[in-house]
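K.L.:
In order, the protein sequence lines correspond to chains A and B.
Everything in the first sequence is counted per the numbering used here, starting at 3 for the first residue and increasing by one.
Everything in the second sequence is counted per the numbering used here, starting at 24 for the first residue and increasing by one.
Because the hints were derived from the structure by calculation, they are not lab data.
Note that the structure is predicted; figures quoted are calculated from it, not measured.
We put the CB at the ideal spot given by N, CA and C, even for glycine.
Possibly wrong hints are sitting among the right ones.
[Said to hold, decoys possible] To list a few chain B residues with every Cβ distance to chain A over 10 Å, as calculated:
id : residue
1  : Leu61
2  : Pro86
3  : Gly145
4  : Arg182
[As the list claims (entries may be wrong)] Pair ranges (Cβ atoms, derived):
id : chain 1 : residue 1 : chain 2 : residue 2 : range
5  : A       : Arg473    : B       : Leu102    : 25 to 33 Å
6  : B       : Ser142    : A       : Glu39     : 27 to 35 Å
7  : B       : Pro54     : A       : Gly339    : 43 to 51 Å
8  : B       : Glu125    : A       : Val466    : 26 to 34 Å
9  : B       : Gly122    : A       : Pro306    : 39 to 47 Å
10 : B       : Gly122    : A       : Arg107    : 41 to 49 Å
11 : B       : Ala181    : A       : Gln470    : 37 to 45 Å
12 : B       : Leu102    : A       : Lys20     : 27 to 35 Å
13 : B       : Arg81     : A       : Gly339    : 50 to 58 Å
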Amino acid sequence: MDLAELHATAERERARRKAIRVLCCTSSGCQASRSLELFHQLEAAVTATGQDEAVEVASVGCMGFCGQGPMVRVEPADLLFERVRPEQAAEIIAALAGEPCSVERGDPNHPFFARQVHVVRRNGGFIDPERIEEYIAAGGYEALYRVLHDFTPAEVIQEITRSGLRGRGGAGYPTGLKWATVAKSPGERKFVVCNGDEGDPGAFMDRSILESDPHLVLEGMAIAAYAVGAHEGYIFVRGEYPLAIQRLTRAINQARKLGLLGSQIFETAFDFKVEIRVGAGAFVCGEETALIASIEGRRSQPRPRPPYPAEKGLWGFPTLINNVETFANIAPIIEHGADWYASIGTEKSTGTKVFALTGKVRNTGLIEVPMGMTLREIVEDLGGGSPDGTPVKAVQTGGPSGGCIPARLFDTPVDYESLAAAGSIMGSGGMVVMDAHTSMVQIAQFYMAFCMDESCGKCVPCRVGTVQMYRLLSKVVAGAATPADLEQLEQLCRLVRETSLCGLGQSAPNPVLSTLRYFREEYEALLREEAAAGANGTP
Amino acid sequence: MSNRAPANPAPAADNRQKLLEATMRRYQYRPDALIEVLHKAQELYGHLSPQLLASIARNLHLPPSRVYGVATFYHFFSLKPQGEHTCTVCLGTACYVKGAMEILTTLETEAGLKAGHTSPDGRLSLLTARCLGACGIAPVVVLDGVVIGHADAETLRARLHALLEETPVAS
Chain A
3 MDLAELHATA ERERARRKAI RVLCCTSSGC QASRSLELFH QLEAAVTATG
53 QDEAVEVASV GCMGFCGQGP MVRVEPADLL FERVRPEQAA EIIAALAGEP
103 CSVERGDPNH PFFARQVHVV RRNGGFIDPE RIEEYIAAGG YEALYRVLHD
153 FTPAEVIQEI TRSGLRGRGG AGYPTGLKWA TVAKSPGERK FVVCNGDEGD
203 PGAFMDRSIL ESDPHLVLEG MAIAAYAVGA HEGYIFVRGE YPLAIQRLTR
253 AINQARKLGL LGSQIFETAF DFKVEIRVGA GAFVCGEETA LIASIEGRRS
303 QPRPRPPYPA EKGLWGFPTL INNVETFANI APIIEHGADW YASIGTEKST
353 GTKVFALTGK VRNTGLIEVP MGMTLREIVE DLGGGSPDGT PVKAVQTGGP
403 SGGCIPARLF DTPVDYESLA AAGSIMGSGG MVVMDAHTSM VQIAQFYMAF
453 CMDESCGKCV PCRVGTVQMY RLLSKVVAGA ATPADLEQLE QLCRLVRETS
503 LCGLGQSAPN PVLSTLRYFR EEYEALLREE AAAGANGTP
Chain B
24 MSNRAPANPA PAADNRQKLL EATMRRYQYR PDALIEVLHK AQELYGHLSP
74 QLLASIARNL HLPPSRVYGV ATFYHFFSLK PQGEHTCTVC LGTACYVKGA
124 MEILTTLETE AGLKAGHTSP DGRLSLLTAR CLGACGIAPV VVLDGVVIGH
174 ADAETLRARL HALLEETPVA S
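For reference, chain B alone in the conformation it holds in the complex (with noise of 0.2 Å):
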């Protein structure tokens, strides 16, 4: 609590850095900490950018190689932006089985991007999993957070027609 820097103080809105280091401060900047500290990062900030590798590479004592390494190694890191909004269709075995490939056609298509790309506008990332654990109810794809079960092409591509549909938001 005593060694916080002072030296060059956030934005008052922008408390993101201060929460990144209490956690860092938490696991008392060990290096094993490392992948906790990137889950961290990347919840506050969205995606993990150079800057920021960088500084928990100083912070935990260890090269950048090593951070840059583990962050490109694990699927769940993202080292660029992503969309306003994110589709993620599920292709796990039994999602598969029961037809998530013709919905990922379809979204493609409805979106004009491929899988695990961003529109050039920034308004959405269409992704793909491995397997959401929800077999129960496949297929299954998560839109903006909401899992979405029993998912079937038509009413996503729909419901995704809306969502790109509404106002952007003015950034």
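One chain only, chain A, in its complex shape (with noise of 0.2 Å):
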């Protein structure tokens, strides 16, 4: 493969596409609202009213308004349809006819669209990933042809460092910095991970990513690879995905017949071949020198850093490892320049960020933002507010390793810092919206279940300690709680956070400080209800 080949591959599948394209999102959200039979009766449909010349059925990924699902897209009118039930097929194709059409409208233009700014989700919904020409028609593989020619490993790294790109998991650490560490770092093999274990409860941004556009992790990886020096790589995928793992299966496939992965790749001398890892449930997987022991066989436990990965990461040699959305952004920044990039977001936070919009809010789904929106924007501007008027109280960002935003900050811009002083996590971008009716205590009951259930038992504050601040937060729901009580879990949350080996334990507490922080009324209205108790003759 040479770049006239790929350029001619692109033309072929433009000049295959039909004049009208019926996009039917089968992402797993919307398969569970029967898509994929919705698929087979439009082709059916299209076939059945002899439009097959004309129209075409296309499986895409998703469209982000998972809420409002299955979703279906025609162009180049730019219709959109929602909730689509698969007995209504016929009545959407008859529409292309100019037949009248009952089926439920979208508004492409409606803010939660309008409001995005896509770079990493640019062909989410507009191509089907099960078909690599549909990517490199849009454009794929080309930023990996440029770096492997025109670039030195030293270059794109600069470039990568200039666009201001921090780690997308969650702890936001500057990606060519990383990049640069491993680069220099010896070691007769290196390796490059796709960290795609996404095990926050409420976050699904990697899933979709996956599952949408697989490719453009692909090519991101390689880039990667080709600056740090690797020849081999691993994506490490959620076992609870499983067309996400089909969807990157037939990706490698595809791309290695193409010979863009593997050997010898766009005909250099650059070497990179791919394999995935299905994890087999273990929060824990997430963090990342336990994320090398499971890939090793092992269970995932982490261990001491330093030595951080970069320098002794699988089977002891330099690995670099970042996660789903952060290779997703690598194409478009090559493509477009670091300039670009970095005009986009906040000064210290550039570019977008995926989060999953779920919870008590109008609109549910995945959304892509430039950094820097404020939280207000994205819950009532996008998010459309309470579904049932009920007021909105707050914002989880970050799951069991985040906090609680109320809403009276909700004015807090979404940046790396802004959300850290505000006692929560940027995280992977879950983002859970909560009324009224959701009580801050359960929900920090909640978390601190998961990261019981979740701690690996290593090192003891995090397995003793999580047990121990479960129990009392129990007592609290239960309402047999003492001001003691509240006293000795605040204790043993900093005791937890400053000495737990990994940043499982190290954040567990943090949902139980920031309810603290911002509803402690909510905690001593539980506890009153006791002292109430005590006076009427209870020990």
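Dock chain to chain to rebuild the complex, using the hints, since each chain is given by itself in its own frame.
P.N.:
And the structure:
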């Protein structure tokens, strides 16, 4: 494969396309609402009405508005249909020929769509993720070609550094710096690992990216491998995501067949092969040293750092570990340049971030917004506020490692530093909206139960501390706690945060600390009930 | 291909052993392929029996303690047989906020069994999941592999009831 062939492939694909494309989302979320059946019905309806010449039906990735799925989009007219049932397929196809149509119409200019900026999700919902030709026709693999021919590895790292991209897994470590460390670490072999162990409950950005545009991630990994001098890569995907695994497997095979992965990519001396590793269900795998242990076939228990994986990772070799969304940003940065990327977002947090907006909000789904947008804009403008008029109370970001931000702080811009200052974290991108019906104490208890179950058991503060914190929280929820219990809970929080071995334990107290900080009255209200009971003679 | 041991031929109907061996061979019996092999074994047999774990340990040249340790560490692997039907309630944050606990309680009452258990007659396993990544259509329940979004307790109770009323498969 060379550039001319790449362009010829893109040209053939564009020539193959029919005048009207009916795009039907077949991601996991919409599949659960029978979108596969809908897809087949749409195809049958096209044939039945003799429109085969002009109309094609394509199975595409996530369009984002998952709460309104299944979604169908018609191009080039830019018609959007929501909550489509398979029985309505014929009606949609008839509408193409000018018949009236009663299917629920979506508005492509709805703030949910209009306020978004698509970098990572630019192909989501537009291309068939199971056909590499569609990715190539959208300009895919050109960035890899340019990197291999026009850039030295050092220049690639410089470009990524200048873009200001920071790790999208949650901690926000500068990506360029990480790459530079791996590049200069000596090692006979080096590895690139994509962390797709999206364990935070309430987060599904990585699943959607892998299902909707797997090649974007593969291309980013290949560019990273070239930059750091690696020839082998692993993608670690949660076992809970069978469709992502299936589409990724297919994508790797297609890329290999076209010489875009494997040996002598684009007829250069650069080799890069990728293997998939399927997770077996352990939240702690998101921690990088635990992830490495899992790829090596062991229990995923973290080890102390340093040495960091950048120096000693998989089998002791220098290893670059980045999250799915981080890799998905790479090709666009190379294509449009670091300056373009740095112009999006804020000074310290550049670019966009994908969030899974869920919970008690009218519009649920996946959004990609520039960094620095405020929580209020996200919840009220894109999310449409509360679905039933009950006031929104808080937004939880960062999953079990994050915190709850109260409504009065909704003018906080979404960037790494501001969220940390508000007592939460950016996290991988889960954003769960809670309303007045949600008890914050129970939410804290819910997350603590999660951390208690998921603690790997290696270090004592996390293994024992999470159990004790959970018991204290349960005592509060049951209305049996005293002010002394609350004090002990806070002490334990600090202890576990400061003495645990890895991020899981260090951040496990966050949901408790942030709810105590902003919703202390909810805890105290439960205590007072106990005090009253005590006055009635209970010991 | 050539070193397949013909010593104890499996019954013609059961080629699961062969498929498992093919997987191990593909990974060249490397110890680091343990998790991939366990995935395959569970897919083929439904659960990981002590005999199966021992045989995997022998093939990958690993101590049985290591294989047992890995199999029990990860949530995905089950050492007990699953019920004929499975019902998994997602308890991720989005589902939780939208009332997944109510659904779970309803289903527990309907099935007369606690989450995480299989009914004594082996008809049903009632399970929970941490997050299935389908938060956009929360709350989510998976009934025999079919994902049900925007789930509500009453409809699910009826569906589960109907499922359990069907005549059991003769075994």
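K.L.:
Of the hints stated earlier, which fail here?
P.N.:
Structure breaks hints 1, 10 and 12.
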